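Chemist: Sequence:
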Amino acid sequence: MTPVRTLHKARLRVARRESLSFPEPFFWTTNDIERLGRLDSNYRSHLHARALDALNALPTKIRIAAEGDSWFDHPCIPDVMDWFDKFGYAPYRSDTPGRKLATMLREKVYLGFLDDPTVKAVLLSGGGNDLISWKRTSQKQPSPIFKAGGGSANPADYLNDSELSEALAALEGLLTEFARDVQKKRPGLRIITHCYDRFKPRTSGPFGAWIGPQMDLIGVPKSGPLRNKIAALLIDRAHDAYRHACAA
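Per the working numbering, residue 1 is the first one in the sequence shown, and the count goes up by one each step.
Treat the hints with care, since some could be wrong.
[What the hints assert, rightly or not] Beta-carbon label-pair distances, calculated as ranges: (1) G150 to H244: 27 to 33 Å; (2) I192 to E166: 23 to 29 Å; (3) P213 to E166: 21 to 27 Å; (4) Q183 to K140: 37 to 43 Å.
[Stated by the list, open to error] Pairs of lysine-lysine, DSBU-like flavour, derived with a Cα cap of 35 Å: (5) K108 to K200; (6) K140 to K229; (7) K184 to K108; (8) K147 to K120; (9) K229 to K184; (10) K120 to K86; (11) K229 to K135; (12) K61 to K120; (13) K147 to K108; (14) K86 to K100; (15) K61 to K185; (16) K184 to K100; (17) K185 to K86; (18) K222 to K86; (19) K184 to K120; (20) K222 to K135; (21) K222 to K100; (22) K108 to K135; (23) K147 to K229; (24) K100 to K185; (25) K140 to K222; (26) K108 to K120; (27) K140 to K120; (28) K100 to K61; (29) K200 to K147; (30) K61 to K86; (31) K184 to K86; (32) K61 to K140; (33) K135 to K100; (34) K100 to K229; (35) K185 to K135; (36) K108 to K185.
In short, the hints are calculated from the structure, not lab data.
Since the structure is predicted, the reported quantities are computational estimates derived from the model, not experimental observations.
We treat Cβ as the ideally placed atom computed from N, Cα and C, and that holds for glycine.
Please model the entire structure based on the sequences and the hints provided.
Modeler: What follows is the structure, encoded as structure tokens:
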């Protein structure tokens, strides 16, 4: 049975248990909506905040809270949350592709999830989108963390070190704020995050573009290994910021 059909049947069981008479797919009772509203006051705009699935999961399942980007919710490939579902966890989720860590910190949906005292940990996937879009004001202009390298074969020549350092400092600050928020509300609660794998820049394809258009704008050749080397250097610098924030 596919995950979509399984989820559909689970929600239908909830609707029947609550004697709900609305037609599909409106499976949520007034009480359910009220409970969701207490967890996430802006739930109507968070189409990927699947708190109801955790609220109605079996009590034997371990509750976790998850804030994230495409690593938690990718439309084309099995993602982290798919594996957590497979292993029997019940995650309160606020995740969507392209979601920025700055947005998560501004909305603070995760704090509402922590009202459930049975939540055992917080999962975070964020920061990559903030980094590659740092101070980017237009699709016609690259982020200032990138710069034209004048045909150089050295990947470092295509990164603006001062802007990149500023962007990474901001990223580290967001990670630190997230940790402080969680620890203030639930002292000692574990926070689990991850670094990003070295990725291959893309300009198109079924998974969408990923910094490829920005590399076009700064004149990086499309053929050869240079684009991959620039991306690897960028991710390695980001890993340093994650390590520093996690060690604090």
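Chemist: It remains to establish, for every hint, whether it holds in the given structure.
Modeler: Results of checking the hints against the structure:
no.: 1; hint: G150 to H244: 27 to 33 Å; in the structure: 31 Å, holds
no.: 2; hint: I192 to E166: 23 to 29 Å; in the structure: 27 Å, holds
no.: 3; hint: P213 to E166: 21 to 27 Å; in the structure: 22 Å, holds
no.: 4; hint: Q183 to K140: 37 to 43 Å; in the structure: 41 Å, holds
no.: 5; hint: K108 to K200; in the structure: 31 Å, holds
no.: 6; hint: K140 to K229; in the structure: 23 Å, holds
no.: 7; hint: K184 to K108; in the structure: 13 Å, holds
no.: 8; hint: K147 to K120; in the structure: 43 Å, violated
no.: 9; hint: K229 to K184; in the structure: 40 Å, violated
no.: 10; hint: K120 to K86; in the structure: 17 Å, holds
no.: 11; hint: K229 to K135; in the structure: 23 Å, holds
no.: 12; hint: K61 to K120; in the structure: 11 Å, holds
no.: 13; hint: K147 to K108; in the structure: 34 Å, holds
no.: 14; hint: K86 to K100; in the structure: 26 Å, holds
no.: 15; hint: K61 to K185; in the structure: 22 Å, holds
no.: 16; hint: K184 to K100; in the structure: 22 Å, holds
no.: 17; hint: K185 to K86; in the structure: 29 Å, holds
no.: 18; hint: K222 to K86; in the structure: 39 Å, violated
no.: 19; hint: K184 to K120; in the structure: 15 Å, holds
no.: 20; hint: K222 to K135; in the structure: 24 Å, holds
no.: 21; hint: K222 to K100; in the structure: 27 Å, holds
no.: 22; hint: K108 to K135; in the structure: 22 Å, holds
no.: 23; hint: K147 to K229; in the structure: 15 Å, holds
no.: 24; hint: K100 to K185; in the structure: 22 Å, holds
no.: 25; hint: K140 to K222; in the structure: 18 Å, holds
no.: 26; hint: K108 to K120; in the structure: 18 Å, holds
no.: 27; hint: K140 to K120; in the structure: 44 Å, violated
no.: 28; hint: K100 to K61; in the structure: 29 Å, holds
no.: 29; hint: K200 to K147; in the structure: 18 Å, holds
no.: 30; hint: K61 to K86; in the structure: 11 Å, holds
no.: 31; hint: K184 to K86; in the structure: 31 Å, holds
no.: 32; hint: K61 to K140; in the structure: 47 Å, violated
no.: 33; hint: K135 to K100; in the structure: 13 Å, holds
no.: 34; hint: K100 to K229; in the structure: 24 Å, holds
no.: 35; hint: K185 to K135; in the structure: 31 Å, holds
no.: 36; hint: K108 to K185; in the structure: 12 Å, holds
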